[in-house]
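Colleague: If you want the building blocks of each chain, they are given just below.
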Amino acid sequence: MEFGLSEDQKLLQESVRGTLERVSPLERVRTAADKGETDAADIAHALAELGVYGMMVPEAQGGMGMTLLDAALVAEMLGRYVTPAGFAATAVMAPIAIAGAGSKAQRETWLPKIASGEAKAGVAIAEAASGAREDASVTASGGKLNGKSLFALEAEAADVIVVAGKAGELHLVKGDAKGLTKVRLTSIDLTRGLSELQFDNVEAEALSSGDAAATLRRVVDAGRVMLAADTLGAGWMMIEKAVAYAGERKQFGRVIGSFQAVKHMCAEMASELEPCRSLVWYAAHAFDAMPEEASLMAAHAKGMTGDVGRFVARTATEVHGGMGFTDLVGLHYWFKRIGLDRQLLGSPERVRHEAAVMQGWAA
Amino acid sequence: MEFGLSEDQKLLQESVRGTLERVSPLERVRTAADKGETDAADIAHALAELGVYGMMVPEAQGGMGMTLLDAALVAEMLGRYVTPAGFAATAVMAPIAIAGAGSKAQRETWLPKIASGEAKAGVAIAEAASGAREDASVTASGGKLNGKSLFALEAEAADVIVVAGKAGELHLVKGDAKGLTKVRLTSIDLTRGLSELQFDNVEAEALSSGDAAATLRRVVDAGRVMLAADTLGAGWMMIEKAVAYAGERKQFGRVIGSFQAVKHMCAEMASELEPCRSLVWYAAHAFDAMPEEASLMAAHAKGMTGDVGRFVARTATEVHGGMGFTDLVGLHYWFKRIGLDRQLLGSPERVRHEAAVMQGWAA
Amino acid sequence: MDLAYGPEYDAFRAEVRDFIRENGNKAPKRFGVSRPSEESIAWQRLLIAHGLTARTIPKAYGGYGAEPDILKSRIIAEEFTAAKLPMGIANQGISMLVPTLLELGTEEQKKKWIEPTLKGEVVWCQGYSEPGSGSDLASLQTKATEDGDDFIINGQKIWTSTAHAADMIFCLVRTEPDAKKHEGISYLIFPMTTPGIEVRPLKTMTGHAEFNEVFFTDVRVPQKDIVAGRGQGWFVANATLKHERGMLGDPNQAGTRLKEIADLMHEETVDGVRLIDHPVYRDRLMQLQARVLAMQFHGLRLLTASLKKEDPGIARLIVKLQGCEINHQLAALAIDALGEIGVLYGDSPHLRAHGSWQHRYMFDLGLIIGGGTAQIQKNIISERGLGMPREPKPAKA
Amino acid sequence: MDLAYGPEYDAFRAEVRDFIRENGNKAPKRFGVSRPSEESIAWQRLLIAHGLTARTIPKAYGGYGAEPDILKSRIIAEEFTAAKLPMGIANQGISMLVPTLLELGTEEQKKKWIEPTLKGEVVWCQGYSEPGSGSDLASLQTKATEDGDDFIINGQKIWTSTAHAADMIFCLVRTEPDAKKHEGISYLIFPMTTPGIEVRPLKTMTGHAEFNEVFFTDVRVPQKDIVAGRGQGWFVANATLKHERGMLGDPNQAGTRLKEIADLMHEETVDGVRLIDHPVYRDRLMQLQARVLAMQFHGLRLLTASLKKEDPGIARLIVKLQGCEINHQLAALAIDALGEIGVLYGDSPHLRAHGSWQHRYMFDLGLIIGGGTAQIQKNIISERGLGMPREPKPAKA
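Keeping their order, the protein sequence lines are chains A, B, C and D.
Mapping to my numbering: the first sequence position 70 is 121, numbers consecutive.
Mapping to my numbering: the second sequence position 285 is 336, numbers consecutive.
Mapping to my numbering: the third sequence position 337 is 1678, numbers consecutive.
Mapping to my numbering: the fourth sequence position 290 is 1631, numbers consecutive.
There's no promise every hint is true.
Unchecked claim - Pairs of lysine-lysine residues, derived as DSSO-like cross-links and limited to a Cα-Cα distance of at most 30 Å, are as follows:
| hint | chain 1 | residue 1 | chain 2 | residue 2 |
| --- | --- | --- | --- | --- |
| 1 | A | LYS292 | C | LYS1734 |
| 2 | C | LYS1522 | B | LYS292 |
| 3 | C | LYS1734 | D | LYS1522 |
| 4 | B | LYS292 | D | LYS1734 |
| 5 | D | LYS1544 | B | LYS86 |
| 6 | B | LYS61 | C | LYS1522 |
| 7 | B | LYS301 | C | LYS1734 |
| 8 | C | LYS1650 | A | LYS301 |
| 9 | D | LYS1521 | C | LYS1734 |
| 10 | D | LYS1522 | B | LYS301 |
| 11 | A | LYS301 | C | LYS1734 |
| 12 | D | LYS1650 | A | LYS61 |
| 13 | A | LYS195 | A | LYS86 |
| 14 | A | LYS301 | B | LYS301 |
| 15 | C | LYS1734 | D | LYS1650 |
| 16 | C | LYS1544 | A | LYS301 |
| 17 | B | LYS61 | C | LYS1521 |
| 18 | A | LYS301 | C | LYS1522 |
| 19 | D | LYS1544 | B | LYS301 |
| 20 | A | LYS301 | D | LYS1544 |
Just so you know, these hints were derived from the structure itself, not from any lab.
The shape of chain A in the complex, shown without the other chains (with noise of 0.2 Å):
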């Protein structure tokens, strides 16, 4: 009985924070964004070094075989350091599903490359994981692709492109296959990746080997715990800053951090956000070990940490008075980081929805 992380996976959150305090500091964050950079090549480029492409690919593919909860690691020291690089799509989402649901050829074409770095790929699934807006859908038929799908995660640049279709039917499509456009979508958020893919007849191989309808709900599942493993580092950093400026601003000549407003403040955003690690490790562990679990907790976690973290986003921005309103501290990165783990994959409302689905609470 062990409920918590080893030594490993210890060492592997260490060195990953490491690494990215050393090559994803405000600094680097603030010209990715300012330059539009969603998936900055230096940093990428560490993250391969230490190996996170191929976290989830198996190892019969070149990859580590690792666990979500390994990867959950992973994303929430991006979120810590509200890191503009991808992740959730290309080391996780994809090869969940490339692995899952594809053949042995399109598992051995993909698989290898994007464990290491060489490949980059991208999630289309909004429509099935949050619901269709502005009515989009993708349609297959005869082998190509039509319609569109919004807020297509890391595709941007990507090689490969796993999109979900209406029937929640899974396709493979190449990122410069003809007839495919993407457009990007620029949200508050501007250290991660959205678009909007349009398919005009655009050529698709099907993603059909397993169950697909099996494998997108798992992809979803870690998808969303990737999401509220991102809120969970990032919101524990605005904790950390907020705490670290109240202990230096003063005001009425005291250090705002000894008003007890102030304190019970940083205090209910930690008794708040620290209850969501224990809730996301087991949602990560539940998709490793318990899957008749799985997608309840990945529901649930993602549900919790979307409220918990735009309560802890907002209060740490209090805290901060004037200057967490401001650019100069730059505490609004993490802000919206937050903001935009919110939204992505299904909204705290849709998944408590969804969860009373899966308990027969709800039609």
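Using the hints provided, position chains B, C and D relative to the given structure of chain A.
Modeller: Below, chains B, C and D alone, put in the same frame as chain A:
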């Protein structure tokens, strides 16, 4: 243009306040609660002398034909002093029902007696106002009522009871009618009377001179405004008590009211509750002067005071620390009064749904 | 209770409507972001001439010279809002400097500054906050040292909107270093062209530079350009800050926003289902509607108190806290219901309302913090509104 | 991550199940409200004999004498909960006094008190809080004045559960009036039959007298009945309070409650529609499910930290605050969804679950306040958990 109380209204409220301070102090409330008195004779007598039972009775029937805003001011004071006396049903809802849908004979039989306090009236409309629990309903056939109605207000010792039937029609039943069984329902709030009415071929007169459905709507609206005002009064008393306690109680060498956390709790209570006053006033005034807005405003006044009331009741108790949890300071009488207000005649969730329906925002 | 305005005011309302019908086409299309456009200035003059703005300011100082009448001001506002017309120039010179000079300025100061300010010819900025003095404004450190008939100013201000475009600044500086902190401050007015002033734009979380930082290096200002005397600056500033706090959290604006969200929830769908048909979002909308209505009626109550010259007590103190919070929550609901569309920003495709929901969500958080943080508001409500004790002074360490 | 217990523990679990199967029928039907019933005492002896309670307490003092093993304790708890069997006697003597004596008592004290306490023969109450000393326990005023070999005790305690039925009290008294407030307190144990003790029931908002007040008038107690020496009482009490705080807000209890509410929402209807089909209530249920699950897994995390003898840091400090709040919110949801039925109480017809949702709603609010108010918890979390500064001491007025 004047959105506020007239001098007469201020005098009315002050005179009710003065009387209740005298006749309904905490010790009296406690005795009444211990004895199961929910319409204490001495207090009812004092209220009769103030003329409150005739407020909503038309002048033609010996009443004063006052406004619902006047009645709300009285209700606020009754909440403030957690007064164990009937009012909302006997002095407001029943007169509105009888005056609105009663025949000349019915009006002249009952309204003068209600106005003088000689007769007391109850109201059994919970199924229409909050939805039926346990499939309770009352059906009429050949001038006889059958079925049951739960959560009847002030009905136990009433001389006459207004009963809503399954189709939204209204009936008048004598308190001592044959076949009528009244079962006391004990709630957390021992200052107010709730009962179950069981009808076994009970003789009833239809209240059918006007538009019964519209009258029922008016009765519900008025009742909701009364409960909202009750919570407003009870809530402000809790805030005042919390502020006073915090100004006396010392811990760590300071009065606790000088701790920022305690001050902020009090500030939050006040800033949540005080806007409710304006909403209650407006809802009452709409009932009197802008009937097209009346139901929406009554619903919102009930819903908002229900939620804010819960926050105030809980927070004021917390400010009192352990003392608030004991019976010693009697704070719980207010806590429970607010708790009952919240659940009667439509919960916040239900009235919000109704408010959406009224605006065509929900089916 | 009487929500009608009565015949005199109905007549006045008719006059305002006449004006709007006849002149509405002259309203500026381009307002000017920092400085009023020529169109705006012409419109402002027309409004003043008809008593529709600067209404109660004496003619001698360029106003219309009417008696104060809150209802007439409200009627003007209601009609202009209904017609979707701009009310005239709104800037800190007009809202804060002019009332201050009227109350506390010398005759010479009034004569010199009020008229051109009203007419949009002179643009002001406000030099109050400093990086080290936010909630604790009285601790400000910008120094004004005597040098003959002048002061030499050194220091830094922050949150100075329009500083980059302003002609003049009204500025709090410490002139009496040895006095108690509240008593050592003076209120000075001087041109932004004075040598030694540097303005740097201050970008906020919204991505825009809505504010500036202003740096003073040996800025020389005549001592006579003080308002209300040396060491009086704290009291002058509090008089004007009161105006500013009253402006924040306008409940009618919240009503407009609520309506916009209700419309949006009728138009937008997810999986083909309208957002208004999602019970959980709808319930939030209804909760907010109750709160918005309550604050609108609360506004009527405060208006009535003003008319009767009664002190509304705690009812006034809660407005900023409640108003800003409700606005923030409204924006949050719009964002949430919009799902991923709700996080789009900048010039993204699929943006709704130019990204204004996200902008408001962030800017309203700025307003919760600015002009007295929510924590300071709660201190004020508990101390002044509820009579609770101040925190004890800390013992010297 | 490994949520399995492993073969050794699986075997242990099998033993526990065997015990339950063979002896479950001996579990007491009547527990005794304040004093354990005879059935309870017999059950307790049986459990001790099998190492199912008092497991790690040395045999010499009446326990089972096993090595501490958190997992085995957990397995016992899991199996007894699953079988809906009582775990043995739970009272403050066993949970607080026994660990204190084990750690700090003299050999004589251990020999004399632990065994009869474990066996339910001696019932204790706790004399810590005073009317004037709630959050600020160290300010307690009950005086113990030396008189020869004795102390003479005068003062008052409050929140003393089971005082009316207790044989003994463990009590904090001020023995050193001239010492600093934390250093002048001693921990004394004495019989409740000592002359001069008066117990008055303390009714709470729930309508029940779950607690008492205890008054001391010239109560004579031998000085030797101090635990851990004069002036050490504050440190002794903190050691035991830690146990109490850990007990509050058990996340598994919350899981049971959540399940009960989900069941209730499936059974109860309004206008014929099941409560579970009301999206707004259902959404609240789902929100609470996430929070309950998070705290359950948080409990696993703390358990793992204990197993590894690691300090879980802030993770431990938040348990009371979160746990009590979630329980309170669970009760609130049940009440709200039940509508008017939710406010019924006492012996009313139509009552659900004997009125326990209302009772819990109020009692859980008491728990939020008791054992360190939410405000004190937040002070602790910010100071010990986040390293934030203490509030400065106030200057002398």
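Colleague: A separate judgement is required for each hint: does it hold in the structure or not?
Modeller: Outcome of the hint check:
1. A/LYS292 - C/LYS1734: holds (27 Å)
2. C/LYS1522 - B/LYS292: violated (36 Å)
3. C/LYS1734 - D/LYS1522: Holds, at about 22 Å.
4. B/LYS292 - D/LYS1734: holds (27 Å)
5. D/LYS1544 - B/LYS86: Roughly 17 Å separates the two Cα atoms, so the pair holds.
6. B/LYS61 - C/LYS1522: violated (44 Å)
7. B/LYS301 - C/LYS1734: With a Cα-Cα distance of about 17 Å, the restraint between B/LYS301 and C/LYS1734 holds, given a limit of 30 Å.
8. C/LYS1650 - A/LYS301: Violated: C/LYS1650 and A/LYS301 sit about 39 Å apart, past 30 Å.
9. D/LYS1521 - C/LYS1734: Cα-Cα ~23 Å, so holds.
10. D/LYS1522 - B/LYS301: Holds. D/LYS1522 to B/LYS301 sits at ~15 Å (cutoff 30 Å).
11. A/LYS301 - C/LYS1734: Status holds; Cα separation ~15 Å.
12. D/LYS1650 - A/LYS61: holds (17 Å)
13. A/LYS195 - A/LYS86: The given pair, whose Cα atoms are some 35 Å apart, is violated under the 30 Å limit.
14. A/LYS301 - B/LYS301: holds (28 Å)
15. C/LYS1734 - D/LYS1650: violated (42 Å)
16. C/LYS1544 - A/LYS301: holds (23 Å)
17. B/LYS61 - C/LYS1521: violated (45 Å)
18. A/LYS301 - C/LYS1522: OK: A/LYS301 and C/LYS1522 at ~15 Å, within 30 Å.
19. D/LYS1544 - B/LYS301: holds (23 Å)
20. A/LYS301 - D/LYS1544: Measuring from Cα to Cα gives roughly 46 Å; hence the hint is violated.
Checked against the numbered hints listed earlier, the structure breaks hints 2, 6, 8, 13, 15, 17 and 20; every other hint is satisfied.
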